[in-house]
Each structure stands twice: as structure tokens, then as C-alpha cells.
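Participant: Those protein sequence lines, which keep their order, are chains A and B.
All residue numbers for the first sequence refer to our numbering, where the first residue is 1142 and numbers rise by one.
All residue numbers for the second sequence refer to our numbering, where the first residue is 593 and numbers rise by one.
Just so you know, the hints here were simulated from the structure itself, not pulled from any lab data.
Hints may contain errors.
Unchecked claim - Simulated restraints on C-beta separations:
#: 1; chain 1: A; residue 1: S1232; chain 2: B; residue 2: F634; range: 41 to 47 Å
#: 2; chain 1: B; residue 1: L610; chain 2: A; residue 2: L1224; range: 36 to 42 Å
#: 3; chain 1: B; residue 1: A619; chain 2: A; residue 2: A1161; range: 23 to 29 Å
#: 4; chain 1: A; residue 1: F1202; chain 2: B; residue 2: M755; range: 30 to 36 Å
#: 5; chain 1: B; residue 1: V748; chain 2: A; residue 2: G1196; range: 58 to 64 Å
#: 6; chain 1: A; residue 1: A1226; chain 2: B; residue 2: S735; range: 30 to 36 Å
#: 7; chain 1: A; residue 1: R1230; chain 2: B; residue 2: V722; range: 17 to 23 Å
#: 8; chain 1: A; residue 1: S1403; chain 2: B; residue 2: M755; range: 29 to 35 Å
#: 9; chain 1: B; residue 1: H738; chain 2: A; residue 2: H1288; range: 55 to 61 Å
#: 10; chain 1: A; residue 1: S1260; chain 2: B; residue 2: I751; range: 53 to 59 Å
Even glycine gets a Cβ: it sits at the ideal position worked out from N, Cα and C.
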Amino acid sequence: MESVLGRYRNLIVLVGVLFAQVLGLAVQVKRTNDSEPTRLIRVWVVGTVTPLEKGLAWAQFSTSSVWHNYFYLRGVRAENRSLKAQLERMSIDQARLSQDADQARRLQALLGFKEKFVSQTMAAQVIGGSGSESSHSVYIDKGERDHIKPDMAVITGEGVVGKVLHVYHSSSQILLINDQSSGVGALLDKTRTQGILHGTPAGETSLDKVMSDEDVSAGESVLTSGGDGVFPKGLLVGHVTKVGTGSDVFLNIQVRPAADLSRLEEVLVVTKVDERQAEPEQAGVSRGVDILAARLPGVPAKVEAPQKDGSESAAVAPKSPVAKPGDGVNASAAPKPAVAKPSVPGAIPAETTAEKSASQNADPAPTAAKPRTMPVSATPRSSFAAPSTSATSAPKSVTTPKPKDAVLPTNRVPPPPAAAQDSPQ
Amino acid sequence: MAITYTSGEQVEVYRFSLPATILIPLAAIFLQAFLPLRVPFFAIFDLPMLVTIAFATARRNPMAGLFTGGIIGIIQDSLTPHPIGLFGIAKTIVGFGASSLGIKIDVENMGARFLLTIFFYVLHEVVYFVIGRGLVGLHIAWSWPHELVSGIANAVLGIFIFMLLDRLKQRI
Chain A
1142 MESVLGRYRN
1152 LIVLVGVLFA
1162 QVLGLAVQVK
1172 RTNDSEPTRL
1182 IRVWVVGTVT
1192 PLEKGLAWAQ
1202 FSTSSVWHNY
1212 FYLRGVRAEN
1222 RSLKAQLERM
1232 SIDQARLSQD
1242 ADQARRLQAL
1252 LGFKEKFVSQ
1262 TMAAQVIGGS
1272 GSESSHSVYI
1282 DKGERDHIKP
1292 DMAVITGEGV
1302 VGKVLHVYHS
1312 SSQILLINDQ
1322 SSGVGALLDK
1332 TRTQGILHGT
1342 PAGETSLDKV
1352 MSDEDVSAGE
1362 SVLTSGGDGV
1372 FPKGLLVGHV
1382 TKVGTGSDVF
1392 LNIQVRPAAD
1402 LSRLEEVLVV
1412 TKVDERQAEP
1422 EQAGVSRGVD
1432 ILAARLPGVP
1442 AKVEAPQKDG
1452 SESAAVAPKS
1462 PVAKPGDGVN
1472 ASAAPKPAVA
1482 KPSVPGAIPA
1492 ETTAEKSASQ
1502 NADPAPTAAK
1512 PRTMPVSATP
1522 RSSFAAPSTS
1532 ATSAPKSVTT
1542 PKPKDAVLPT
1552 NRVPPPPAAA
1562 QDSPQ
Chain B
593 MAITYTSGEQ
603 VEVYRFSLPA
613 TILIPLAAIF
623 LQAFLPLRVP
633 FFAIFDLPML
643 VTIAFATARR
653 NPMAGLFTGG
663 IIGIIQDSLT
673 PHPIGLFGIA
683 KTIVGFGASS
693 LGIKIDVENM
703 GARFLLTIFF
713 YVLHEVVYFV
723 IGRGLVGLHI
733 AWSWPHELVS
743 GIANAVLGIF
753 IFMLLDRLKQ
763 RI
């Protein structure tokens, strides 16, 4: 017996070691959802490896910064000029979009929508990976001491990256969205069709559970739906690259992540998400025309045109399709002045005193809670069609948007401050 | 100098110093986790596996080989989000096999090392695939061309790692 044991000692030990590991694996697989039995081993290993990674990442970052900030400055001037021009364009776009956003907020407020907003993020540096082709995860240099918690969303400026999986003292493991064990509640931007974004074994991402009768085209943006409870709604996930018919009734949609997951350097951890009711912004709305006017030298302010009758002014100045809730203005009855606040989508119409009195004569003031006119989007991009249907219950009239409402006016002067805010009498 | 006798041939047995035994596997695991983020192509290499083979063939002790492989694999597992043991089992088998084979064949030869590395790389991947799919339920992709190309790439890198470790090994 002893000779047999001695002869096959190596083999017996091998079988014993393998059996122990298989047993350990089985325990982990069974208890994955309950607890983490291998926490101690992971803490030791991560605690040993991540300081080295941090040191090397810091050295690499410092060297790269010195090189790019002090030596390799070729093309910086041209890039600077290009960026300035881009900034000018984007400022104008931003003004227009902020008005659209303001309009959307007002509509959401009317409908009682609640949204989740990313209210606080923490920048973190990616210091290492998992070291395995079959798992897609990275380590960041922020952990428990920085109040990072599991299941926090991780994003970059380009899009969604993943979520916090394990948190250690000074580092955390991030499960990337292209890992096969990850899942993100997602929706298609145009059709608002919801699905689940999964990683594939090859490290790609695909959108599942989208019915085959849905119209999905390549290039379409994929956003977070907020349904997974991890990612706030509306964050860019990626773009559809290929749409094919799957084996089932679902489409096979391949998605290219917006964030470059293979070359992550810095990420943002969403540390706080607020759920709040959308509220319309009351002030601070800047318009593209204002920005343009501020940049143009010596443009004299237009003298306010004499007040004309309603029909004429309507032909000259487009009426705003959006009325501020509680304005107390019956758009059909109140004549619009020739010079009013530009009627871009989402803009709050300004009223002159004469107009105010006309509206008062035409209709008694409503309560502040119920707007008299329902906002209707004039732009096709707005997806809020619901208010127009609900308008039949509360408001008395709906202003019909005109085609020119969608055009950003470029020759308007800002309305007088007194006319900017109007409250019901 | 300790010499083991197998089939009438003399085989030299080596050992590594304690710092080398600890630091080299750790460095391999660290580089494996660090470099693919900066150089994505590096992801096809498996430095911890190459170190396991190099240690096992130099020591020519199956017990040492399986424990070395097992520990390196478990440490590597700890950095992944998957259950611990996948790499552990695969590298335990590779360590045992490499050290057992090291007793029987001449592993000082460059060609033998090249072929040995390809063989054990494929074996490692097969074991990982079987355990991952069969026991853990992972959907691991398998592609023979990819595995063969990765095996050859690892074998080429393995030659240099063998040469590097040859300088650190000590005769018993």
C-alpha cells in the first residue's frame, strides 16, 4: 500500500489539488448571489498588485504630460484655432439646445415626469486590467476611502463605460459593458425601443430583446434606458453598427461602444444620482441671437416698432408656440406685438402692456397651477407629443406652431426686462 | 549538484532564489494586468503561463510545478471578475505537465521549448474553456486560428523568457 502511495504520490496530490479547486469553484458559483467567499484572497492580491500599477500609471502619466505639454507641441496653434472656431459654433448650438431643453423641462413638469440626473461624479484613473482575454474589467485608483460603492455607474465624456463591481480600500474593479456578464438597460434613440445591452465572449456589445419587426438602422444611437437601476437614463452607450436577423423573433443588433473601452485612461464614477421632478428654468436662458449680437461690433439696438394690430403682427413676428405656464394669455385672442421676444421653439413669449391688457380683457386670469396654453413643439426633433393630447383637458387653447417658428431669428433685440416675466393677474 | 536519473540519461535540476520565486510570478501577473491597457495587442500573451512553464521545466519537480502553477493561477484569477479557480486549475495542470515532461525530454533546446510552449498554451486554453463553460457557465469563445496564432506568439515570447530565467536559475 505504501509503495503504491509513494509511486503515485504526485498524481494523487495533483488530483487532490484539482479537486479542491473544483470544489472551491462550485461553492463560488453556487454562492455568487449571496456572498463573496473569496473576498479575502482578492483583497490580498489587489492590495499587492494595485500599488505597483498606481505607481507605474502615475509615472507614465507624468512622463506623458511633460512630453505633450512642454515638448511635443507641433500643430497646437492650428488645433487651437480650430477649437476656437468649434467653440463659437457650439456656443450657438448650445443656446439653441438649451432652449429646447428648457421647453422639454417645462413639458416634463407639466406631465409630472421624474428623471434621474447625474449630480455628482468623481474622476478616477484607470490603473490596470484583469489580465485575461475572457474577462473585460479594469481597476481604478479610487476605492472605499473615496466613498466608491458597488453598482455605481462609470462613464467617460464619450459614453458609458461600465459599473463598479468590487470595491477595495484604495481601488475598485469596474466591469466593462463589453464583458459577457454585464447587462445595461438600453434604448434606441430614434424609435425609443428598449433592449438589453450585453457583452459578447469576443469583447463586443450587442443589443438583445429587440423584436424583429422594429425598424433599426446602422448608425443609430443607443442610450441608457435607466431601467437597470445603475445607469441614469439618457447616457450615450454607443451606435448600432450592424443589424441582422437573429434565430428567434429578436433582432441581432451589434453596437459599437461610444467610449473606447480598449484604451481607457480616465473615467468618471457617478457617485450621486438625484431623482427629481423636472422644473422649468426661470432665468439664464441665452439665445443664439444674443450671442451673435454680442459678438458683432456696433450693431445698434432696433427701435421698438409701433404696435400694430394682431393679424399684421402675426405675419411679421411669429408667435411663440410655447406659452409659459401661468401666462394667462389666450394666444388666439391676444394680438402679438411686432417686436416681441423671438419665437424660437421653447422661448417664453414676451408681452407688452397693451398685449397684457388685451389678454386680460379677452379672458380672465387663470390659476397659476393650470397653464392657459399648452406648449406644442414646433420642431420635429421633439419627442413630446403627449402634451398636445392632454391639452384638451386643462388648457383653453393650443397655439398652432408655424413653420417659421423653427427658424432661429437672427435680427431680434432682447425684449425689455419688464416684459420678460409675466404673471397672471 | 543533484542529478536525477531517467532512462539512463542525466538531467540537471535547478532551483530559483526565494526573491526570484516570489517576484518573477508577481511581475508577470502585474505586467499581464497592466500592459494590455496600454498595448492592446499584448492581450494575446499569457505571461503567467510562460513563467509557470519556465519554472516547472527548470525545477523538474511535479509537486513544485503543480503548486507553482496553482498559486500563480489563483492570483491571476483574483484580478478577474470571474470565480477563483479557472486559471488555477488550468495552470496547475500545465505546471504538473511541464515539470513531468521536463524530466523526460531535453528542455534546454530552443526548438523543444518552442513546441512545448505551444502545446501547453493550447492545453491551458482547452482546460480553461472546458472548466469555464462546463462548470462556471461562461460563454467563452473558441477559435482554433486564434488559439494557434496566440500559441505561436506565446512560444516566441517564451523563448526570450526562458533565456531570461536561465540567468536566474541555480543548480542544486
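Participant: Now, for every hint given, state plainly whether the structure supports it.
Facilitator: Hint-by-hint comparison with the structure:
no. : hint                           : in the structure
1   : S1232(A) x F634(B): 41 to 47 Å : 42 Å, holds
2   : L610(B) x L1224(A): 36 to 42 Å : 55 Å, violated
3   : A619(B) x A1161(A): 23 to 29 Å : 27 Å, holds
4   : F1202(A) x M755(B): 30 to 36 Å : 32 Å, holds
5   : V748(B) x G1196(A): 58 to 64 Å : 29 Å, violated
6   : A1226(A) x S735(B): 30 to 36 Å : 47 Å, violated
7   : R1230(A) x V722(B): 17 to 23 Å : 56 Å, violated
8   : S1403(A) x M755(B): 29 to 35 Å : 30 Å, holds
9   : H738(B) x H1288(A): 55 to 61 Å : 41 Å, violated
10  : S1260(A) x I751(B): 53 to 59 Å : 55 Å, holds
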